Structures are given as C-alpha cells and as structure tokens.
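Here the working numbering = 1-based position in the sequence shown + 604.
Just so you know, the hints here were simulated from the structure itself, not pulled from any lab data.
Predicted model only: the values in this text are computed from it and were never measured.
Hints are not guaranteed to be accurate.
[Stated by the list, open to error] What follows is a list of derived Cβ distance ranges for each label pair:
hint: 1; residue 1: Gly673; residue 2: Ala737; range: 29 to 39 Å
hint: 2; residue 1: Ser700; residue 2: Gly647; range: 36 to 46 Å
hint: 3; residue 1: Gly678; residue 2: Arg727; range: 28 to 38 Å
hint: 4; residue 1: Thr739; residue 2: Pro706; range: 11 to 21 Å
hint: 5; residue 1: Gly673; residue 2: Asn749; range: 17 to 27 Å
hint: 6; residue 1: Gly692; residue 2: Ala655; range: 15 to 25 Å
hint: 7; residue 1: Asp682; residue 2: Ala726; range: 26 to 36 Å
hint: 8; residue 1: Tyr734; residue 2: Ser700; range: 33 to 43 Å
hint: 9; residue 1: Val698; residue 2: Cys669; range: 31 to 41 Å
hint: 10; residue 1: Pro664; residue 2: Ala737; range: 12 to 22 Å
Quick reminder that beta carbons are idealized off the backbone N, C-alpha and C, glycines included.
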Amino acid sequence: MKLKRWAWSTLCAAAAMVAGCGGGSGAGLDGNGRPIGEGADPGGPMTASFASIQSHVFTPVCTACHAGGAAPQGLRLDATNSYAMLVGTASAEVPSLKRVAPGDAANSYLIHKLEGHQSVGARMPFGGPYLDANTIGLIRQWIDNGAQQ
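Given only the sequences and the hints, what does the whole structure look like? Please build it.
Right, dumping it as structure tokens:
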C-alpha cells in the first residue's frame, strides 16, 4: 500500500512540474526554432559563416538557377548540396581551380565568378544584379577562415 501511495505522489508531483513549465512560449526564437539574431537568420545581418551565406545568398539568389538536375555545370546550391559541391571541389569550367579553396579566397573560382574575374563563362549571378562588395567580402572572409561548415 505504501508503494502505491509513493508512486501516486511521485506521478502527481511530476505532472504538476510539467504543467507549470507551460511548454515554452517560443520567445527569442524565429519561425524555425532558431535563436533570433543568429547569423544564419535571413532576417538578421549576414556573417562570414557558411550557414549565413547559405541563407542570405545561395538559397535566395543562386538557387534561381543552381538547383535540380539542370543546374549549370552540375552545381546545385540548395542547402542540402551546396557545401559538398563547393568546398574542395574542382571547378567544371577551370578544373585547375577549386570552386572554394579553404583558406585561399583569391584562388577560389567562386570569388572569380562573383567578382567578374573568371576566365570562362559569365559573372554571377548571371545577368546581375551582382552582389555588393560587403557581401562578397563576407564570402571571402569565410573562405579565408577555412570555409568551415
């Protein structure tokens, strides 16, 4: 009998604690459950991190063309594929250059394409408008810092 009372008391106490926490209000989180102001938040400022570049540039700008099986040069820049298709991967247009050479933005074909210094093909985004110097600078910084995921 004592064991039943102990179990019932424990169960009631646990239920009261759970009811008291309210399950969280979501305050401080964006619609995806991420902290507001985090660098990857498209509504927040862009930072020199892969997640931020993905959400501010690759997804909204580049995937207009670089998505699916018909992506130019096979380069898909959606969130699932972009890192693997960029970092340490030879450019299809200039195989002697990596699309992104970690630690070396000046010799990364992505930077050549964004700045309009490429030897083959068009400046990106194709037909413009082109990325501003600050945005390209943050991409350069991410690459020079090692292009971490």
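Non-conforming hints, listed in increasing numerical order: Of the numbered hints given earlier, those the structure breaks are 3, 5, 7, 8, 9, listed in rising order.
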